[in-house]
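Chains as they are written, first to last, in the numbering used here: chain A, 82 to 205; chain B, 270 to 935.
What the hints contain is simulated information worked out from the structure, not anything from laboratory work.
Computed beta-carbon distance windows for the label pairs:
{"no.": "1", "chain 1": "B", "residue 1": "896", "chain 2": "A", "residue 2": "146", "range": "34 to 44 angstroms"}
{"no.": "2", "chain 1": "A", "residue 1": "161", "chain 2": "B", "residue 2": "877", "range": "52 to 62 angstroms"}
{"no.": "3", "chain 1": "B", "residue 1": "896", "chain 2": "A", "residue 2": "152", "range": "38 to 48 angstroms"}
{"no.": "4", "chain 1": "A", "residue 1": "175", "chain 2": "B", "residue 2": "876", "range": "46 to 56 angstroms"}
{"no.": "5", "chain 1": "A", "residue 1": "152", "chain 2": "B", "residue 2": "884", "range": "56 to 66 angstroms"}
Quick caveat, the model's predicted, so the values are computed rather than measured.
Even for Gly, the Cβ is constructed at its ideal location relative to N, Cα and C.
In case you want the letters, here they are:
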Amino acid sequence: MHLAYPAVLAALLFCVGLYGVLARRNAILVLMSVELMLNAVNLNLVAFDVWLRDTLHAGQAFTLFIIAIAAAEIGIGLAIVLMVYRNRGSSDVDRLRDTAETDESAPAPGEAPAAAGEKAEATA
Amino acid sequence: MTTTTLAVLVPLLPFLGSAAGLLLGRRAPGFVRPLAVLPTLAAAVLAVFVAARQGGGKTIEAATQLTPTGSVPIDLALHIDGFAALAAVLVGVVATCVQIYSTGYLRDDPRYPSYAALVSLFTSAMLLVVYSGDLMVLLVGWEIMGICSYFLVGHYWETPEARAASLKAFLVTKLGDVPFLIGLFALAADAGTFRIDGILGAVAGDGLDHPTLIALLLLAGVAGKSAQFPLHTWLPDAMAGPTPVSALIHAATMVAAGIYFVARLLPVFASSSAALTVLAVMAAITMVGSALAALAQDDIKRVLAYSTIGQLGYMAGALAVGDRGAAVFHLLSHGAFKALLFLAAGAVIHAAGTNSLSAMSRMSGLTRRIPDAYWTMTVALLALAALPPFAGFFSKEAVLVAAEHTALGDRTVAPAGAGWTVLVAGLLTALLTAAYAMRLWLLAFRGRGAEAPDHGRQPLAMTTVLWVLAVPSLGFGLSVTYLDDWFDGHALTPTVTTAVLGTGIAVVGALVTYAVWQRTRALAARTPLGAVAAHPEGGAGLVEAEAIAGHAPAYGDIASAPDPADPGRVLLGPLHRHAATGFHLDAVYRTLFVRPVQAGASLVRFLDREVVDTYVRGAGTGTNWLGWLVRRAQTGNVQTYLSALLAGSVVLAIAAVVLANVAAGA
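Take these sequences, add in the hints, and give me the full structure.
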């Protein structure tokens, strides 16, 4: 099989993942898009490993590493998203703007008390 | 104890007393008075001992090197000749009198401890100047006196007059002290030593290279300290201080320091006839101008201040004709009677509740309230007017005789022109002095009108001192035949010509003033004038401070009052307006120095506020704007950051590829 097919497929997959990371608003979908990008990389690694006939199969070894790390990452990521959702009642990435620089250093009125109330609710 | 040890103790004791007074003043108020009076008294007694042992004989010299400087060494040296011994006695006695008087005068003053300590420090510095045989050590005492004068003139610093006067005194004397310091260095560089005996030896030996330059530079400092024209303007304003301070510093001792300094180094000045001529002209202008100004003053203490300037002019005149014996003789007798005049004036101000002569001339019975001040002041005014047999007569005659001898060519130390200048100015001033002394006496003690308020008797400390000082004012002149052994040795006795001329002129001046006063006194009743202190029952110091502060608001000016019954106004005629302001010298200085300095200050202020500060503020504003721009990028949205990251990576990748292709193509 020609190298172009898996490479094009990997590039398409990566672009889909990149679009999802940059444009989706749901945090879970963002995480899924990250997985897509990782898998595009995996596909590339395996394809080039075969194509280069590497005797040590470094590409396949890397792929295994990435799968393990991706599993750990998605576990922590989902836990964070879950906590954010419990705290805020939403996992919309566009609304997680607490680190934004505003002219007045205090948070906008109305937002902070609501967040505090939800937090209290979540811990109870 | 040896004479040297005694002489060292003389300046040291008041210094220790002052240090102890400053340290213990607040914690142990009971010790303040003894600490003020006893060291000064002991120093006076020791000074008398030293004078008795020295006896006008051989000069006592003792020195120990203070510090090696690499070029001209500085020594702690004593140089006690007849001049130093007698001047130290005067300083000690007057300072003791003033300290005792102050215990009564400033009895209720909350700042008495620091006041007494400063007076002690001042006494110590003056004694150092008198005894020191090294010009650098002398300069230390000279400058300490300057700063003590600043503090003491500003004793009533709550009043703006006192603050302004103390600053003025300090700045004007410093204006003279800068050339003085340069002159000292030039003199030491020329003679190779700071020691007075070494300098006198160098002058007597090879002479100096630049005597005129050195003498003129030194004269600037002398004019500042001894209140000679054109640096005299601080002295009348310095009367904003308490009366004992005026008596000690601004009449008897500190202002005499300049005269004394010239007397010590007279050979240096005498080696330049130009310097002597300048000194003679300076003295003549000072004498006549200050006597005219004294005739126009309304504040009793300003009359005395101008009179001090005039008498210092006599001393400077004696020095200008090269007779330091006469100068120091007049210094001694003037120190006694002027201290008495000031201390008595303090009692008068306290009793009358005002320092204005116009107000006193509308007040009767002042003589009954303060008989001691009345009688002693009469004695002192007679001495001031130089009527025989009072002290001022003999000392002033000594000056006039020296001037006459120089003018007629019998003495060749100074040019004849200097002699004529001093003689003519001296005789004219004798006339004016008698006139203003008579005016002062008539206005203060021969007033008619409401009865003076009764504050009870003056404290014993104050009245005793007056009588103690009245003795030398009355009798010091009689020692004239004995005194010349202490000085250079030539006779100080009056001659018939000058005695008759001087006394006659003085009597004429007094009689004319009396006649005018007889005519003008009727006017006094028609124009009511007079304002007294707000708290006439308070302590003397308080009454005086209020009287000084109240003069300008009550009469429109600090120096004069609109009183048509003032004989001085009639005598001076159109000159009165100018004389009252000291011939507008202050206005001239204001235009020449104060205005340019203020303009320069506002320019510097503009440069600082508008130019330098703009850069400083600009640095802050620019950083703020930069921060504002960077903050725009911080949206808080992670996806925006990631997009920017991606865009950057893409740009970098494209750049790398393009560069690689370009490199490969090349």
